[in-house]
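Enquirer: Given the coordinates of chain A, work out where chain B should sit on it, guided by the hints.
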Amino acid sequence: DAKTTQPNSMESNEEEPVHLPCNHSTISGTDYIHWYRQLPSQGPEYVIHGLTSNVNNRMASLAIAEDRKSSTLILHRATLRDAAVYYCILRAAQGAQKLVFGQGTRLTINP
Amino acid sequence: DSGVTQTPKHLITATGQRVTLRCSPRSGDLSVYWYQQSLDQGLQFLIQYYNGEERAKGNILERFSAQQFPDLHSELNLSSLELGDSALYFCASTGTDSGNTIYFGEGSWLTVV
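Chains A and B supply the protein sequences, listed in that same order. In this note's numbering, each residue carries its 1-based index in the first sequence increased by 1084. In this note's numbering, each residue carries its 1-based index in the second sequence increased by 119.
Extracted from the complex, chain A is given alone in its bound form (with noise of 0.2 Å):
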């Protein structure tokens, strides 16, 4: 399973941007880059995934690299309940398509 590399933890302020990074230099072609995050208690939620395009949807922008070694998971105002752990997984198209989480990064938001 090819490998991502995040920052243990992150910290920000209510209604600012948020950029969480991730390292994934041993990406296949066809491996989605998937970001899910867990809330404390509770199981991990999809926030978004891409393939090589940048993406956006409710919750989040994805910006992926041109070599797509690494991406950025984006919150655009973030708000007390974005605290959370964040996970960047890489998940094969075929296959089993299991997800392997990682560490994560514990996001912190100050009021």
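Derived by calculation from the structure, the hints in this document are not laboratory data. Just so you know, these numbers come straight off a predicted model, no measurement behind them. Don't take each hint at face value.
Unchecked claim - Ranges between beta-carbon positions, derived for each pair:
| # | chain 1 | residue 1 | chain 2 | residue 2 | range |
| --- | --- | --- | --- | --- | --- |
| 1 | A | N1097 | B | L158 | 25 to 33 Å |
| 2 | B | V232 | A | H1160 | 15 to 23 Å |
| 3 | A | N1097 | B | F188 | 42 to 50 Å |
| 4 | B | T134 | A | R1161 | 46 to 54 Å |
| 5 | B | Q186 | A | E1099 | 41 to 49 Å |
| 6 | A | K1153 | B | K176 | 24 to 32 Å |
| 7 | A | H1103 | B | Q136 | 44 to 52 Å |
| 8 | B | L130 | A | L1164 | 30 to 38 Å |
| 9 | B | G214 | A | L1164 | 27 to 35 Å |
| 10 | A | P1124 | B | T139 | 23 to 31 Å |
| 11 | B | E194 | A | L1164 | 36 to 44 Å |
| 12 | B | E181 | A | N1138 | 39 to 47 Å |
| 13 | A | L1164 | B | G161 | 20 to 28 Å |
| 14 | B | G161 | A | I1158 | 23 to 31 Å |
What the hints assert, rightly or not - Far from chain B by the CB rule (all over 10 Å, computed), these chain A residues:
| # | residue |
| --- | --- |
| 15 | N1097 |
| 16 | S1109 |
| 17 | S1112 |
| 18 | Q1122 |
| 19 | T1136 |
| 20 | R1142 |
| 21 | A1147 |
| 22 | I1148 |
| 23 | E1150 |
| 24 | S1154 |
| 25 | R1161 |
| 26 | T1192 |
| 27 | I1193 |
| 28 | P1195 |
Note that CB positions come from ideal geometry on N, CA and C, so glycine has one too.
Expert: Same frame as chain A, now just chain B:
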């Protein structure tokens, strides 16, 4: 609400005992995944079933087993329980939407005493 239902939500049992955790996937989802989350190990993939057949195996102990039934619900059986098996066990399912998003249940808290 992800649509994935897990029971029981909480379970306390003694060492050496056996428990069964149950998962109902989202309607129509054929794939079911089981994950274990303990404080020191993070989220560990255990096993995946697809339409009743085992598809992938992760760090699942021999004392643990799982199956997926014809109605697509799944059960995770944990036997000869040890203190270290205390963890949160998540079930997840996936369908056929773009990117095959995986949806997680709220988990079953297992405490072994």
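Enquirer: Determine for every hint whether it applies to the structure shown.
Expert: Here's how the hints hold up against the structure:
1. A:N1097 <-> B:L158: 25 to 33 Å: holds, 29 Å
2. B:V232 <-> A:H1160: 15 to 23 Å: Roughly 45 Å apart at Cβ, these two residues miss the hinted range, so it is violated.
3. A:N1097 <-> B:F188: 42 to 50 Å: holds, 49 Å
4. B:T134 <-> A:R1161: 46 to 54 Å: Since the Cβ atoms of T134 (chain B) and R1161 (chain A) sit about 48 Å apart, the hinted range of 46 to 54 Å holds.
5. B:Q186 <-> A:E1099: 41 to 49 Å: holds, 48 Å
6. A:K1153 <-> B:K176: 24 to 32 Å: About 29 Å separates the Cβ atoms of K1153 (chain A) and K176 (chain B), which means 24 to 32 Å holds.
7. A:H1103 <-> B:Q136: 44 to 52 Å: holds, 47 Å
8. B:L130 <-> A:L1164: 30 to 38 Å: The hinted range 30 to 38 Å holds for L130 (chain B) and L1164 (chain A), with Cβ atoms some 31 Å apart.
9. B:G214 <-> A:L1164: 27 to 35 Å: holds, 31 Å
10. A:P1124 <-> B:T139: 23 to 31 Å: Since P1124 (chain A) and T139 (chain B) have Cβ atoms about 27 Å apart, the given range 23 to 31 Å holds.
11. B:E194 <-> A:L1164: 36 to 44 Å: Once the Cβ atoms are compared, 37 Å apart, the range 36 to 44 Å for L1164 (chain A) and E194 (chain B) holds.
12. B:E181 <-> A:N1138: 39 to 47 Å: Holds - the Cβ-Cβ distance for E181 (chain B) and N1138 (chain A), about 45 Å, lies within 39 to 47 Å.
13. A:L1164 <-> B:G161: 20 to 28 Å: holds, 24 Å
14. B:G161 <-> A:I1158: 23 to 31 Å: Holds, at about 24 Å.
15. N1097: holds, 27 Å
16. S1109: holds, 21 Å
17. S1112: S1112 (chain A) clear of chain B: closest Cβ-Cβ about 16 Å, beyond 10 Å.
18. Q1122: violated, 8 Å
19. T1136: Non-interface label on T1136 (chain A) holds, nearest chain B Cβ at 13 Å vs cutoff 10 Å.
20. R1142: Holds: least Cβ distance 14 Å, greater than 10 Å.
21. A1147: About 17 Å separates A1147 (chain A) from the closest Cβ of chain B, which puts it past 10 Å; holds.
22. I1148: holds, 14 Å
23. E1150: With a cut-off of 10 Å, E1150 (chain A) remains clear of chain B, as the shortest Cβ separation is near 21 Å.
24. S1154: Given that every Cβ of chain B is farther than 10 Å from that of S1154 (chain A), nearest at about 19 Å, it holds.
25. R1161: Holds, since 24 Å exceeds 10 Å.
26. T1192: Its Cβ never comes within 10 Å of chain B, the nearest being 18 Å, so this holds.
27. I1193: The claim holds: I1193 (chain A) sits with its nearest Cβ about 22 Å from chain B, beyond 10 Å.
28. P1195: holds, 27 Å
Consistency note: the structure conflicts with the earlier hints numbered 2 and 18.
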